[in-house]
Amino acid sequence: MSITVAEPQVVVDLIDSSQAPLLARPYYQGSDPGPIVAALAHVPEVLEVAMPFISALYGPSALPVRLKEIVVVRTSAHLECRYCIESHSVVALDAGFSCSEILGLRDLDDTVRERWSSDEAGEPALMEWIDAVAGATGSVSKDSAGRMREYFSDAEIVELTLLIGATMMLNRFCTALGLPSSNGTLERLRAEDLL
Amino acid sequence: MTQVAEAIASGALPGRLWMYSNYHCNLACSYCLTESAPKVAKRELPAELLLSLAREAKELGFTSVGITGGEPFLLPHLPDTIERLAEILPVIVLTNGTLFTKERLQRVQRFAGKPVALQISLDSPDAVVNDTMRGPHNFRKVIEAIPALVERGVQVRIATTMEEMDESDMVRLCALHRELGVPDEDHIVRPIVRRGRAVDSAMGVEAQAADLPPELTISADGAFWSPFGPTVHSGALDTDLLVSRTTSPLQRPAGILLRLVQGRPPGEDSKLGIK
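Protein chains in written order, with my numbering: chain W, 77 to 271; chain S, 40 to 314.
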């Protein structure tokens, strides 16, 4: 599935290192902090609490990286967030996903889960859970919850579900503000035929 | 005693809270930090907000407030508001000194004997030099206003902001301020800071947070490290000295500022004499 959502139109100025507020400066040291930080830097007191939260969820934790990227790419596909799909397709490549797996995560057709081949039996259950949480509104089916409980502990279900919710929040934030992918990300996706 | 009060008592944090009452000005000085001019957006802090911030400041342990802009006396309510602020904490108001008509002199006469000081800008003993930077007739208006205020018992300080001044000019300037009734201890001299309009003309000194005393400053755009923080260049607010967008409760930006000060490596104090 190629990315068909609209080209971003950046809505706010992205703060560069010369204008980084005092609380934001640690995020600018050494490298480009990326557009999420560059946007959040407008409100530094929010940035300084948001980034540790985001890092705790998206950085190393008890959950395998592979499960996290399944969550982020598929949730972002549901919410049609171009920035998140593009940037996390690259993260997924780096985490060892094949191009066909990434395209499968972006494909919201129900049959993808049935065709999903992985050594990890819980992955289709997780995809079903993502589809139920991010792809619908209202209550989540007991069947989906039951299948999650077959494969994951309570702690894992909580963390995965919070990751879905946080990704939905960031999806809407990035889409609404039209945050742009870096040239490096776009070149990598172009080379892998993932654009 | 609050942590802020302890920091102020120990000298770690200056005791003055600065508030930008507005950004518009009847002048358009060549080195203005905020690109102020008659037609810029006013971005006022309403009188009631100025008063409530002063009350919060007092509770936190601040010892005085400063009002700056823009030209604060463009706000019709300002004399009344200053009088009310002075009932909470001592007040210093930065003004270009060009708006003291007979009527306004009458309105500010009530500051006599109260903890209110007006800090008026005067950059040179020569009218032509002063007015080149600050605008036509500025010199004349200022040297008329200062003695009129002093005669009415209003405390006046003179601030000289300068790029370069030779010794003989400084001697003449000091003779002038004494003649106007302002003693040496109420004359401050400071460098032009290269922010705002001064960037375009490459005037003044570059100043980072480490060069500036950490004086909590509130404007319509948020809380800043210093009154030299909420500057404007090419119409855009500078954010490099932004502390927080949250300004109320005042405890929030004050706490963040204190945390930033306490995290600053020793020895990184101001060396440029900016005040």
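I should point out that these hints are in silico values taken from the structure, not numbers from a laboratory. Fair warning: this is a prediction, and the values are worked out from it, not measured in the lab. Glycine residues also receive a C-beta, built at the ideal position from the N, C-alpha and C atoms. Any given hint could be a false lead.
Derived, one-sided and incomplete: chain S residues facing chain W with beta-carbon distance under 7 Å [unchecked claim]:
| # | residue |
| --- | --- |
| 1 | Thr140 |
| 2 | Lys141 |
| 3 | Glu142 |
| 4 | Met201 |
| 5 | Thr278 |
| 6 | Ser283 |
| 7 | Leu299 |
Can you give the numbers of the hints that this structure goes against, from lowest to highest?
1, 2, 3 and 4
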